[in-house]
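Heads up: the protein sequence lines correspond to chains A and B, in order.
Residue numbering for the first sequence follows the UniProt record's numbering, starting at 1 and increasing by one per position.
Residue numbering for the second sequence follows the UniProt record's numbering, starting at 1 and increasing by one per position.
There could be a bad hint or two in this list.
Just so you know, same-sequence chains aren't split out, so a pair can sit in one copy or run between any two.
As the list claims (entries may be wrong) - Here are the simulated lysine-lysine pairs, DSS-like style, with alpha carbons at most 30 Å apart: (1) 490 <-> 479; (2) 30 <-> 393; (3) 402 <-> 444; (4) 448 <-> 402; (5) 399 <-> 387; (6) 30 <-> 479; (7) 402 <-> 520; (8) 309 <-> 91; (9) 352 <-> 83; (10) 53 <-> 356; (11) 402 <-> 479; (12) 114 <-> 345; (13) 421 <-> 402; (14) 255 <-> 194; (15) 80 <-> 365; (16) 153 <-> 267; (17) 268 <-> 125; (18) 83 <-> 365; (19) 267 <-> 33; (20) 365 <-> 60; (21) 63 <-> 6; (22) 427 <-> 458; (23) 117 <-> 356; (24) 309 <-> 153; (25) 60 <-> 363.
Derived from the structure by calculation, the hints contain no laboratory data.
Keep in mind the model is a prediction, meaning the values are calculated, not measured.
Spelled out from the first residue to the last, the chains are:
2 protein chains.
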Amino acid sequence: MEKKVKIFDSTLRDGAQGGGVSFSVEDKIKIVKALDQLGVSYVEAGNPGSNFKDLEFFNKIEKINLKNSKLVAFGSTRRKGIKVSNDENVKSLLTANTEVVAIFGKAWDFHVTKIIKTSLEENLKMIKETIRFLKDRGKEVIFDAEHFFDGYKENPEYAFDVLRAAVAGGADSLVLCDTNGGAFPNEVYAATKKVVEAFSVEVGIHCHNDCGMAVANSIMAVEAGAVQVQGTFIGIGERCGNANLSTLIPNIQMKKGLYCIPDKHLKKLTSSARYIAEIINVPLDGSMPYVGNSAFAHKGGMHIDGVNKEAHSFEHMNPELVGNRRRFLMSEVSGKTTILPMLQKLDTRISKNSPKTQEIIDKLKRLEHMGYQFEGAESSFELIIRKHLGKYKPFFELKYYKVIEEEPFNNREGSSSALIKVMVDQKEEITATEGNGPVNALDKALRKALEVFYPSLKAVHLTDYKVRVLNAEDATAAKVRVLIESTDGKEVWSTVGVSTNIIEASMIALIDSIEYKLIKDSES
Amino acid sequence: MEKKVKIFDSTLRDGAQGGGVSFSVEDKIKIVKALDQLGVSYVEAGNPGSNFKDLEFFNKIEKINLKNSKLVAFGSTRRKGIKVSNDENVKSLLTANTEVVAIFGKAWDFHVTKIIKTSLEENLKMIKETIRFLKDRGKEVIFDAEHFFDGYKENPEYAFDVLRAAVAGGADSLVLCDTNGGAFPNEVYAATKKVVEAFSVEVGIHCHNDCGMAVANSIMAVEAGAVQVQGTFIGIGERCGNANLSTLIPNIQMKKGLYCIPDKHLKKLTSSARYIAEIINVPLDGSMPYVGNSAFAHKGGMHIDGVNKEAHSFEHMNPELVGNRRRFLMSEVSGKTTILPMLQKLDTRISKNSPKTQEIIDKLKRLEHMGYQFEGAESSFELIIRKHLGKYKPFFELKYYKVIEEEPFNNREGSSSALIKVMVDQKEEITATEGNGPVNALDKALRKALEVFYPSLKAVHLTDYKVRVLNAEDATAAKVRVLIESTDGKEVWSTVGVSTNIIEASMIALIDSIEYKLIKDSES
Numbered sequence: 001m002e003k004k005v006k007i008f009d010s011t012l013r014d015g016a017q018g019g020g021v022s023f024s025v026e027d028k029i030k031i032v033k034a035l036d037q038l039g040v041s042y043v044e045a046g047n048p049g050s051n052f053k054d055l056e057f058f059n060k061i062e063k064i065n066l067k068n069s070k071l072v073a074f075g076s077t078r079r080k081g082i083k084v085s086n087d088e089n090v091k092s093l094l095t096a097n098t099e100v101v102a103i104f105g106k107a108w109d110f111h112v113t114k115i116i117k118t119s120l121e122e123n124l125k126m127i128k129e130t131i132r133f134l135k136d137r138g139k140e141v142i143f144d145a146e147h148f149f150d151g152y153k154e155n156p157e158y159a160f161d162v163l164r165a166a167v168a169g170g171a172d173s174l175v176l177c178d179t180n181g182g183a184f185p186n187e188v189y190a191a192t193k194k195v196v197e198a199f200s201v202e203v204g205i206h207c208h209n210d211c212g213m214a215v216a217n218s219i220m221a222v223e224a225g226a227v228q229v230q231g232t233f234i235g236i237g238e239r240c241g242n243a244n245l246s247t248l249i250p251n252i253q254m255k256k257g258l259y260c261i262p263d264k265h266l267k268k269l270t271s272s273a274r275y276i277a278e279i280i281n282v283p284l285d286g287s288m289p290y291v292g293n294s295a296f297a298h299k300g301g302m303h304i305d306g307v308n309k310e311a312h313s314f315e316h317m318n319p320e321l322v323g324n325r326r327r328f329l330m331s332e333v334s335g336k337t338t339i340l341p342m343l344q345k346l347d348t349r350i351s352k353n354s355p356k357t358q359e360i361i362d363k364l365k366r367l368e369h370m371g372y373q374f375e376g377a378e379s380s381f382e383l384i385i386r387k388h389l390g391k392y393k394p395f396f397e398l399k400y401y402k403v404i405e406e407e408p409f410n411n412r413e414g415s416s417s418a419l420i421k422v423m424v425d426q427k428e429e430i431t432a433t434e435g436n437g438p439v440n441a442l443d444k445a446l447r448k449a450l451e452v453f454y455p456s457l458k459a460v461h462l463t464d465y466k467v468r469v470l471n472a473e474d475a476t477a478a479k480v481r482v483l484i485e486s487t488d489g490k491e492v493w494s495t496v497g498v499s500t501n502i503i504e505a506s507m508i509a510l511i512d513s514i515e516y517k518l519i520k521d522s523e524s
Numbered sequence: 001m002e003k004k005v006k007i008f009d010s011t012l013r014d015g016a017q018g019g020g021v022s023f024s025v026e027d028k029i030k031i032v033k034a035l036d037q038l039g040v041s042y043v044e045a046g047n048p049g050s051n052f053k054d055l056e057f058f059n060k061i062e063k064i065n066l067k068n069s070k071l072v073a074f075g076s077t078r079r080k081g082i083k084v085s086n087d088e089n090v091k092s093l094l095t096a097n098t099e100v101v102a103i104f105g106k107a108w109d110f111h112v113t114k115i116i117k118t119s120l121e122e123n124l125k126m127i128k129e130t131i132r133f134l135k136d137r138g139k140e141v142i143f144d145a146e147h148f149f150d151g152y153k154e155n156p157e158y159a160f161d162v163l164r165a166a167v168a169g170g171a172d173s174l175v176l177c178d179t180n181g182g183a184f185p186n187e188v189y190a191a192t193k194k195v196v197e198a199f200s201v202e203v204g205i206h207c208h209n210d211c212g213m214a215v216a217n218s219i220m221a222v223e224a225g226a227v228q229v230q231g232t233f234i235g236i237g238e239r240c241g242n243a244n245l246s247t248l249i250p251n252i253q254m255k256k257g258l259y260c261i262p263d264k265h266l267k268k269l270t271s272s273a274r275y276i277a278e279i280i281n282v283p284l285d286g287s288m289p290y291v292g293n294s295a296f297a298h299k300g301g302m303h304i305d306g307v308n309k310e311a312h313s314f315e316h317m318n319p320e321l322v323g324n325r326r327r328f329l330m331s332e333v334s335g336k337t338t339i340l341p342m343l344q345k346l347d348t349r350i351s352k353n354s355p356k357t358q359e360i361i362d363k364l365k366r367l368e369h370m371g372y373q374f375e376g377a378e379s380s381f382e383l384i385i386r387k388h389l390g391k392y393k394p395f396f397e398l399k400y401y402k403v404i405e406e407e408p409f410n411n412r413e414g415s416s417s418a419l420i421k422v423m424v425d426q427k428e429e430i431t432a433t434e435g436n437g438p439v440n441a442l443d444k445a446l447r448k449a450l451e452v453f454y455p456s457l458k459a460v461h462l463t464d465y466k467v468r469v470l471n472a473e474d475a476t477a478a479k480v481r482v483l484i485e486s487t488d489g490k491e492v493w494s495t496v497g498v499s500t501n502i503i504e505a506s507m508i509a510l511i512d513s514i515e516y517k518l519i520k521d522s523e524s
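If we strip away everything but chain A, and leave its shape as in the complex, we get (with noise of 0.2 Å):
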């Protein structure tokens, strides 16, 4: 791969937009180090000018080495009728050290008269002479022509002298923004080629997913001759998003056979999404393109058994070139195929046309029908097939439990208390423990009148505890879905109960849990 398109990461700056989005200055250093690793072209950070806290950054990462990455500092033109030397914004910008200056301006003439009201003549001035400010102080100059395609649509000829009085004043490339994100593929194509075919710098594109279409658009541009694609790491930014690299990437990598990152790096893509996502504070969506959870996770029989026979015949790629990985999901219209790994690997014996395959495929069509759902449960799962294989002995009884719940109204501590019986080995054990709510106070006394019998289960805790109504217009007599995900520190497992009763349903996923962990130490 010889010809190379930039990538420009602006998950810091424009990504900070988005809701919800607020980066400490240790989060920043964090991902401008991912973003280095990974090797990005371009890593926009902020402005020093505009705040404390983008100025402690940029003194920090100063001390810091990146091998792969450009920092970019960001900021407008000079405001209009001062001049540049005086405009505090402009100067602010040189105090960030960084090789690269990132200077947006605008390019649709109702903006310059009606926002920023100004004339247009002034506004060609600003942005020519605010980048050979700049340029004359030894940066590389990136122009971001704001609202680009919503000017070139009502005056094209302006818009194409924003990119003249940008080039004259010496930029280095010309960034094309579709800054509301209404844009659409065919007109960015068009109107990149234009820009292309009339200038000599390099040409980049910065798209908004206001309208889906961001990753879409990008590639367009490139396929029109953009060199520098702009965007942000899982998407964020301000309404609907920026055009999310984690997907462009690949798209040009690995679909257009453009070099990016260096090659070696792609398999990071999907750790580098996950561990952005993660300092954003944001769950990584499971469907996101290439590196989501689910991205390649396969749930239909038939699409299950094409992968089996061909990868190809069901992915558009090998999930692992992104450090990605296959998922079979289990459900009701997953068949034979799905369940069979996970019978041969209880008894070898077994085949697709066994009677026992079938047996185990009704029943969970019967309970699936009643409401379960195996898909995030796979160990209720494997005590379903382990109880019908004979492959299961009962590590202990449930006697019984009650649970009272008192309430003299808006206290909230201590208002559950539950009482327990269980049974092991002939030997009863009777437990009362109080909690926030009965289902957790219904745990800890299961844990506690266990842990007695089974000390290793003192290092289980839940992780996650998911509640799904089932038949709704039943409402307070409604069948509930509970999922739990349990941990012992080493391994994650998930299980699941169904029932008109949340303590019921609650109680069917502990106990799986429990049994679950117990016949894994009992295998192991």
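Let chain A serve as the given structure and place chain B on it in line with the hints.
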């Protein structure tokens, strides 16, 4: 608008392949009704031969009159080497009694020889004969050309043979499927154009989102002449999901000017998407184009300033056209504008700058920080304002409640009993009931006690009960939010409660529901 693009919704069929998605029969009926009201052309709903749930669904849906949408049953071509009339799966499609049937067949030679392992000629026969069989029985038949774009790339002649076989069988439309989601916008455009030029039947498009471009690819197909667009609501589906119809409908109708749904229904788009997300039980991504809660949320100071001067300066369209609204993040100005109409309904003297207005905003912010959400709970919201404005008097006092949960495990009946004491005008009432779980028992006990004083409560019953775990990583001690919908046969209202204890959260919402009803009665 003359030209029409038919919207084909597959939320209930291809969408059900998504991870974590599982529809009850009631869920499916609700979604069909919502889609019909929105006005999509086709609703694909499954296969009565594949499982009991779909069979039950098709039996029930037959009794419901749809106004705008045609119901579609979905299945495969006949299996290789047998007669169509002997294929149970094909025959089962007829039992759905739908006007339309969608049949998929392989359009990629590799799939024919390596996955279903038959000859290229037999595959063509399977397609032609299956479609002919259904046409002879009066069905409108849509042919889904599975893997069309992959097939077209590797063996274009055979991909076209497949389409010709479908037309020879009598197919009413040919749908080009990017089953693996690996196609790029320009490829989709070029291939679709060839098909549109070569065939006189209607051409449709079915895209998956594995490269993050399903929406754009669908748009490119429409630009190439496709007149049917398949997708799912909020984009659910296997792996990375299907083309998102809540994005595509406004993209096609408002941006491309092609008619999809009745114009006056566009305003229902946001509420429909949110309703469907509720039924699927997934949180609707705030940044989702057009319908997300943040799709028109502005954070940057300059953007807020711009939008205040001229809305379209930083908005690609008016959010109200799709039933969404503009928000300014971290800005109390937006808060005030939103709640002012409600405040003025209760107290005409109040204005934007009254101290009460700010106090209520602050209170709402604190409650939202605690986990409350008032979008689906307008009545709880009104009660908070009434209390703050002194437009509230208590109708009863809840002295205490006790719930006893007693389980000899697996005995589901009458395992919860509740005891409650209320006071009204110095008179006490103690009642007890049994119920299906603790919340159901309390719900019945509370109303039984209060009906003594307020007989109008006899008409009240709950129509919906939803639970969402807020900080799931705290597992059974996590905070839960309960949303309740109630009706007295005339009006519907909704209330909310938040607590770490699910019983307490439910009681807060139940009490709000009863108080709201009593206020309503006293003021009418």
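Hint-by-hint comparison with the structure:
no.: 1; hint: 490 <-> 479; result: between (33 Å within a copy, 26 Å between copies)
no.: 2; hint: 30 <-> 393; result: neither (38 Å within a copy, 43 Å between copies)
no.: 3; hint: 402 <-> 444; result: both (13 Å within a copy, 20 Å between copies)
no.: 4; hint: 448 <-> 402; result: both (15 Å within a copy, 24 Å between copies)
no.: 5; hint: 399 <-> 387; result: within (20 Å within a copy, 48 Å between copies)
no.: 6; hint: 30 <-> 479; result: both (29 Å within a copy, 17 Å between copies)
no.: 7; hint: 402 <-> 520; result: within (29 Å within a copy, 39 Å between copies)
no.: 8; hint: 309 <-> 91; result: between (62 Å within a copy, 28 Å between copies)
no.: 9; hint: 352 <-> 83; result: between (74 Å within a copy, 25 Å between copies)
no.: 10; hint: 53 <-> 356; result: between (53 Å within a copy, 23 Å between copies)
no.: 11; hint: 402 <-> 479; result: both (21 Å within a copy, 22 Å between copies)
no.: 12; hint: 114 <-> 345; result: between (68 Å within a copy, 27 Å between copies)
no.: 13; hint: 421 <-> 402; result: both (9 Å within a copy, 22 Å between copies)
no.: 14; hint: 255 <-> 194; result: both (25 Å within a copy, 23 Å between copies)
no.: 15; hint: 80 <-> 365; result: between (63 Å within a copy, 27 Å between copies)
no.: 16; hint: 153 <-> 267; result: between (40 Å within a copy, 27 Å between copies)
no.: 17; hint: 268 <-> 125; result: neither (44 Å within a copy, 46 Å between copies)
no.: 18; hint: 83 <-> 365; result: between (66 Å within a copy, 29 Å between copies)
no.: 19; hint: 267 <-> 33; result: within (17 Å within a copy, 45 Å between copies)
no.: 20; hint: 365 <-> 60; result: between (44 Å within a copy, 20 Å between copies)
no.: 21; hint: 63 <-> 6; result: within (24 Å within a copy, 59 Å between copies)
no.: 22; hint: 427 <-> 458; result: within (20 Å within a copy, 50 Å between copies)
no.: 23; hint: 117 <-> 356; result: between (74 Å within a copy, 27 Å between copies)
no.: 24; hint: 309 <-> 153; result: between (50 Å within a copy, 21 Å between copies)
no.: 25; hint: 60 <-> 363; result: between (46 Å within a copy, 24 Å between copies)
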